[in-house]
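Participant: Please put together the full structure from these sequences, using the hints given.
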Amino acid sequence: MSVKLRLPHSVPAVLCVTSDINVPRIPSMKAILGAGKKPVNQWQASDIGWSQSAPLAELTGIRVPPQTERKHIILDNDSPEAIAELAEHLKKALN
Numbered sequence: 001m002s003v004k005l006r007l008p009h010s011v012p013a014v015l016c017v018t019s020d021i022n023v024p025r026i027p028s029m030k031a032i033l034g035a036g037k038k039p040v041n042q043w044q045a046s047d048i049g050w051s052q053s054a055p056l057a058e059l060t061g062i063r064v065p066p067q068t069e070r071k072h073i074i075l076d077n078d079s080p081e082a083i084a085e086l087a088e089h090l091k092k093a094l095n
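What the sequence shown shows, in UniProt numbering, is residues 1 to 95, in sequence order.
Calculated directly from the structure, the hints in this document are not laboratory data.
Errors might be hidden in some of the hints.
Straight-line C-alpha distance at most 20 Å; calculated SDA-like pairs for lysine to any residue [to be verified]: (1) 71 / 89; (2) 37 / 21; (3) 92 / 82; (4) 91 / 72; (5) 91 / 65; (6) 4 / 30; (7) 91 / 75; (8) 4 / 17; (9) 71 / 86; (10) 71 / 39; (11) 71 / 38; (12) 91 / 59; (13) 71 / 34; (14) 91 / 80; (15) 91 / 81; (16) 92 / 73; (17) 4 / 19; (18) 71 / 55; (19) 4 / 15; (20) 92 / 70; (21) 71 / 60; (22) 4 / 16; (23) 92 / 80; (24) 30 / 40; (25) 4 / 14; (26) 92 / 72; (27) 92 / 74; (28) 71 / 83; (29) 38 / 27; (30) 37 / 23; (31) 92 / 69; (32) 71 / 59; (33) 71 / 57; (34) 71 / 51; (35) 71 / 82; (36) 38 / 23; (37) 71 / 87; (38) 92 / 75; (39) 91 / 74; (40) 4 / 23.
Facilitator: Below, the structure is given as structure tokens:
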């Protein structure tokens with residue numbers, strides 16, 4: 001079964017595919033033995049138009065996300081009062 005999906009996007013784009021995208025077919029014994037008899041084509045880099053001087057990737061820029069200051073609360077013990085104080089801080093943070 002072949003499924004084609006066209007997604008509107010702008011370039012550059014990143015596409016992530018998980019391993020469950022395909023369920024491979026298990027070849028029969030006849031197909032496995034037949035594959036061993038077929039010739040193997042060997043290509044040189046020049047056959048496909050690639051040279052070692054051509055870059056494989058190009059870095060267009062680096063951006064660092066802005067740092068956000070986090071609130072730090074340190075409770076030194078595990079007494080019931082400290083646990084209640086922690087619960088109050090969590091309630092305030094969630095509201």
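Participant: For each hint, tell me whether it holds in the structure or not.
Facilitator: Quick rundown of the hints versus the structure:
About 11 Å separates the Cα atoms of residue 71 and residue 89, which keeps this hinted pair within 20 Å; it holds. About 30 Å separates the Cα atoms of residue 37 and residue 21, which puts this hinted pair outside 20 Å; it is violated. Among the hinted pairs, residue 92 with residue 82 is consistent with the structure: their alpha-carbon atoms are about 15 Å apart, no more than 20 Å. For the hint pairing residue 91 with residue 72, the CA-to-CA distance comes to about 15 Å; that is within 20 Å, so the pair holds.
As the CA atoms of residue 91 and residue 65 are separated by approximately 29 Å, the hinted pair breaks the 20 Å bound. Taking the CA atoms of residue 4 and residue 30, the gap is near 30 Å; set against the 20 Å cutoff, the hint is violated. Taken as a hint, the residue 91 and residue 75 pair is honoured in the structure, with Cα atoms around 16 Å apart against an allowance of 20 Å. Using a Cα cut-off of 20 Å, the hinted pair residue 4 and residue 17 holds, with the two alpha carbons roughly 14 Å apart.
For the given pair, residue 71 sits about 13 Å from residue 86 by alpha-carbon distance, which is consistent with the 20 Å threshold. As the CA atoms of residue 71 and residue 39 are separated by approximately 66 Å, the hinted pair breaks the 20 Å bound. Our distance criterion of 20 Å between C-alpha atoms is broken by residue 71 and residue 38, whose separation comes to about 66 Å. Taking the CA atoms of residue 91 and residue 59, the gap is about 45 Å. The hint is violated against a cut of 20 Å.
With a C-alpha separation of about 66 Å, the suggested pairing of residue 71 with residue 34 is violated against the 20 Å cut-off. A C-alpha spacing of about 16 Å is found between residue 91 and residue 80, which places the hinted pair at or below 20 Å, so the restraint holds. As the CA atoms of residue 91 and residue 81 are separated by approximately 15 Å, the hinted pair is consistent with the 20 Å bound. A C-alpha spacing of about 13 Å is found between residue 92 and residue 73, which places the hinted pair at or below 20 Å, so the restraint holds.
Only pairs whose Cα atoms come within 20 Å are accepted, and residue 4 paired with residue 19 is accepted, the gap being roughly 17 Å. Taken as a hint, the residue 71 and residue 55 pair is broken in the structure, with Cα atoms around 45 Å apart against an allowance of 20 Å. Proximity of residue 4 to residue 15 is assessed by CA-CA distance (about 15 Å); at most 20 Å being required, the pair is judged to hold. For the suggested pair residue 92 and residue 70, the alpha carbons sit about 15 Å apart, so the restraint of at most 20 Å is met.
With a C-alpha separation of about 35 Å, the suggested pair residue 71 and residue 60 falls outside the 20 Å cut-off, and the hint is violated. For the hint linking residue 4 to residue 16, the alpha-carbon distance of about 16 Å falls within 20 Å, and the restraint holds. Proposed proximity of residue 92 and residue 80 is supported: the alpha carbons are some 18 Å apart, at most 20 Å. Taking the CA atoms of residue 30 and residue 40, the gap is about 18 Å. The hint holds against a cut of 20 Å.
A threshold of 20 Å between alpha carbons decides the hint, and for residue 4 with residue 14 the separation of about 18 Å falls inside it, so the pair holds. Straight-line distance between C-alpha atoms of residue 92 and residue 72 comes to about 14 Å, which keeps the hinted pair within the 20 Å bound. Distance check on the hinted pair: residue 92 and residue 74 sit about 16 Å apart at the alpha-carbon level, within 20 Å; holds. Annotation: proposed proximity of residue 71 to residue 83 holds, straight-line Cα distance about 18 Å (limit 20 Å).
Between residue 38 and residue 27 the alpha-carbon distance is near 15 Å, which keeps this suggested pair within the 20 Å criterion. At most 20 Å may separate the alpha-carbon atoms for a hinted pair to count; residue 37 and residue 23 exceed this at roughly 26 Å. Distance restraint check for residue 92 and residue 69: the Cα-Cα separation of roughly 18 Å lies within the 20 Å cut-off, and the hinted pair is therefore satisfied. Restraint check: the Cα-Cα separation between residue 71 and residue 59 comes to about 35 Å, which exceeds 20 Å; the hinted pair is violated.
Note on residue 71 and residue 57: the hinted pairing is violated, with a Cα-Cα distance of about 40 Å set against a maximum of 20 Å. For a cut-off of 20 Å, the pair hint linking residue 71 to residue 51 is broken: about 53 Å separates their Cα positions. Taken as a hint, the residue 71 and residue 82 pair is honoured in the structure, with Cα atoms around 17 Å apart against an allowance of 20 Å. A threshold of 20 Å between alpha carbons decides the hint, and for residue 38 with residue 23 the separation of about 25 Å lies outside it, so the pair is violated.
With a CA separation close to 15 Å, the supplied pair residue 71 and residue 87 stays within the 20 Å bound. Of the supplied pair hints, the one linking residue 92 and residue 75 holds, its CA atoms being roughly 16 Å apart against a limit of 20 Å. With a C-alpha separation of about 16 Å, the suggested pair residue 91 and residue 74 falls inside the 20 Å cut-off, and the hint holds. Distance hint between residue 4 and residue 23 is fulfilled; the C-alpha atoms sit about 16 Å from each other, no more than 20 Å.
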